Amino acid sequence: MKSTNPVQPSGGPAPAPAARLGNFVRRPEMASFIGLVAVLVFFSFFGGTSFLSPSGAASWLNVAAELGIIALPVGVLMIAGYLDISIGAVIPASSMTIAIISGHFHAPILVGIVAALALGLVVGFINGMLVVRTAVPSLIVTLATLFAVAGLTLGLSVILTGSTSVAIDGGPIAKLLLGQFVDKAFEVIIFWWIAIVLVAGFVLHFSRYGNWIFALGGDKESARNAGIPTDRLTIVLFLFSGTCASFVGLSQALLYNSAQVSAGQSFIFNSIISVVIGGVLLTGGYGSVVGIVLGTLTFSIVNQGIYYTGFNANWASLIIGVLLFAAVLMNNTFRTMALAYAPRAKGGAKP
Amino acid sequence: MTTPLLRLAGINKSFGPIDVLHDISLEVQPGEVLCLLGDNGAGKSTLIKILSGVYAPTSGRIEMEGKPVAFDSPRSASAHGIATVHQFGGTFPLMSIGRSFFVGAEPTRRWGPLRIYDRKRANEIAVTAVREFGITRIDDGDRLVGGLSGGERQALAIARAVHFGARVLILDEPTAALGVKEAAHVLRIVLQARRRGLAVIFITHNVTHARTVGDHFAVLIRGAKAADFRKGEKSREEITDLMAGGEAMAELDAEIESYMVTHEGHPPPVG
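So the sequence lines, in the order shown, correspond to chains A and B.
Position 144 (the first sequence) corresponds to 144 in the numbering used here; numbering is contiguous.
Position 41 (the second sequence) corresponds to 41 in the numbering used here; numbering is contiguous.
Calculated directly from the structure, the hints in this document are not laboratory data.
All figures in this text were calculated on a predicted structure; none of them were measured in a lab.
The beta-carbon is built from N, C-alpha and C at its ideal position, and this holds for glycine as well.
There's no promise every hint is true.
Lysine-lysine pairs mimicking BS3-like chemistry, simulated, CA-CA at most 30 Å apart [claimed, not checked]: (1) 67(B) with 181(B); (2) 231(B) with 181(B); (3) 49(B) with 67(B); (4) 220(A) with 120(B); (5) 49(B) with 220(A); (6) 120(B) with 234(B).
Residues on chain A that point at chain B, a partial pick, calculated with CB under 10 Å [said to hold, decoys possible]: (7) 28; (8) 200; (9) 202; (10) 207; (11) 214; (12) 221; (13) 224; (14) 226; (15) 281; (16) 282.
Could you build the full structure based on these sequences and the hints that come with them?
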């Protein structure tokens, strides 16, 4: 994950160690890296070694994986200049979809999974179309779909099952793929997170489509004039976030063997915080997948690490608030440094 | 006379009841700089938008090499070889030089079964292209565009346009936001583009800059072409007068004069 730079110039002289450090400082994920180290040191000091033991690590990795699968598409959308908060309703909606179809009505689990994912795709498509076709800001569009989907979920659940909570038994294969603990502590979803991170990292930083996403977030008009299909790209990115949200929703239902109407609102702020700590610029055009991952880990460590310390868990939010602000200040500093960077006195370049 | 590369004939543009451009006819040859002068609100930006495919003219003809063309989008204008460079370069401040140079046309290479963005090649081509325009300070394609000076950004945008086959270069007030040194730099780049045989349409309200690089001048006043002359046919003062709407200035002069006569030679109080 760290070697974000496989296209090293082969002909030129190898950069000096100082130059490599300099390049790292100028990357978007620099502040989140510092933040991650800081919270690791903090909680290792106050929480002791159990925080870093397998079971301790599992507690924050499980949280990070679920949050990460949401934060990743939210972050990529933010790089492209959009927000998606409807994920907060899509997660429980997809949990309820699979639970109602495969739990309440006893349809095959595959039908439930497909239906839940389709729900995410539909909501993502509606978001994308509304953002592209109307000039309404994506925050408002997805705020509207957030409430609409939440209302539909509640209404339909009560009509169909007479309850706001439905039990589901996924069966062995579905459990193996989506809802099991590895080594008694690690959720399978951690591996899904790693897979999605690899795919998103490739698309954003190594494929040409990543360049389109950065251009879209940098200046939509210029991107369109340069021939980028901005509308289609926008819709695809919303499809991505909708699908990821429904994936988390259905895997939660399978993991806990039940689904509730109102589980998921916390993901809205948590994902945005993770992404912003991770160095993504709220207004778009700047950020990295590594940064989003580091931001997610930082958030999760604070969220779970507090239980390993002697502090009251209520203080976690205070730490996150301070951390968020400090991270954004650092991000601004490092971004300014990246902008001001010019190689000095190199190979006869004029000053 | 050879066929002009780009010719506008009787272009009118109105937005509802408001006439913005009235009967504009212009032509520009390859290897020639046409300076479009005009005060704010004279219709320069509307004209640029027609040339770059943002607006369609209400009436009138656009011809390229004698053939009539119609641009229905900025895409189609650039497909015809018309590139517009805006005041701030129209590039992406937080993208690297190489990446922003190739937005929408990224070079790729094989990487196992996948195709990946060829960062090395993109950077090389972008840096070479910019350096050909005399910007020797740029030697690292990974630098962010936002860290470049205004003149360097203009050079990058112009180099990009040329690289992707522009034949007509529209520069929208490229020197307006620049200091004296930077502006001189940009003017040198304009001359270089001319030397390469591009037709340059240089929009400005700075008469000095226009006179330095222009071969051919057109002055717009309130949406109509007030003057059209070639290099050396008019003095600096005449052009300034024309642009400012000579009568308006003369009127003001007369007003101050009569005030001084009636007030024992004192000028009018300020403020």
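Evaluated hints:
A hinted pair counts as satisfied when its Cα atoms are at most 30 Å apart, and residue 67(B) with residue 181(B) does not qualify at roughly 40 Å. Taken as a hint, the residue 231(B) and residue 181(B) pair is honoured in the structure, with Cα atoms around 24 Å apart against an allowance of 30 Å. Between the alpha carbons of residue 49(B) and residue 67(B) the distance comes to roughly 20 Å, so the proposed pair stays at or under 30 Å and holds. Between the alpha carbons of residue 220(A) and residue 120(B) the distance comes to roughly 26 Å, so the proposed pair stays at or under 30 Å and holds.
The suggested pairing of residue 49(B) with residue 220(A) holds, with an alpha-carbon distance near 17 Å, which does not exceed 30 Å. At most 30 Å may separate the alpha-carbon atoms for a hinted pair to count; residue 120(B) and residue 234(B) exceed this at roughly 50 Å. Against a cut-off of 10 Å between C-beta atoms, the interface hint on residue 28(A) holds, since the closest Cβ of chain B lies about 9 Å away. At a threshold of 10 Å, the smallest CB-CB gap from residue 200(A) to chain B is about 14 Å, leaving the interface hint violated.
Nearest Cβ of chain B to the Cβ of residue 202(A): about 7 Å, under the 10 Å cut. The hint holds. Look at residue 207(A): its Cβ gets to within about 6 Å of chain B, closer than 10 Å, so that hint holds up. Below 10 Å, beta-carbon pairs count as interface contacts, and residue 214(A) has one with chain B at about 6 Å; its hint therefore holds. Using the Cβ-Cβ criterion of 10 Å, the hint placing residue 221(A) at the interface with chain B is satisfied: the shortest such distance is roughly 9 Å.
Because the closest C-beta pair between residue 224(A) and chain B is about 8 Å apart, less than 10 Å, the hint holds. Given the 10 Å rule on beta carbons, the hint for residue 226(A) holds: about 4 Å separates it from the nearest Cβ of chain B. Hint status for residue 281(A): holds, given a least beta-carbon distance of 7 Å to chain B, under 10 Å. Contact between residue 282(A) and chain B, as hinted, is not supported at the beta carbon level, the nearest pair being about 13 Å apart and thus beyond 10 Å.
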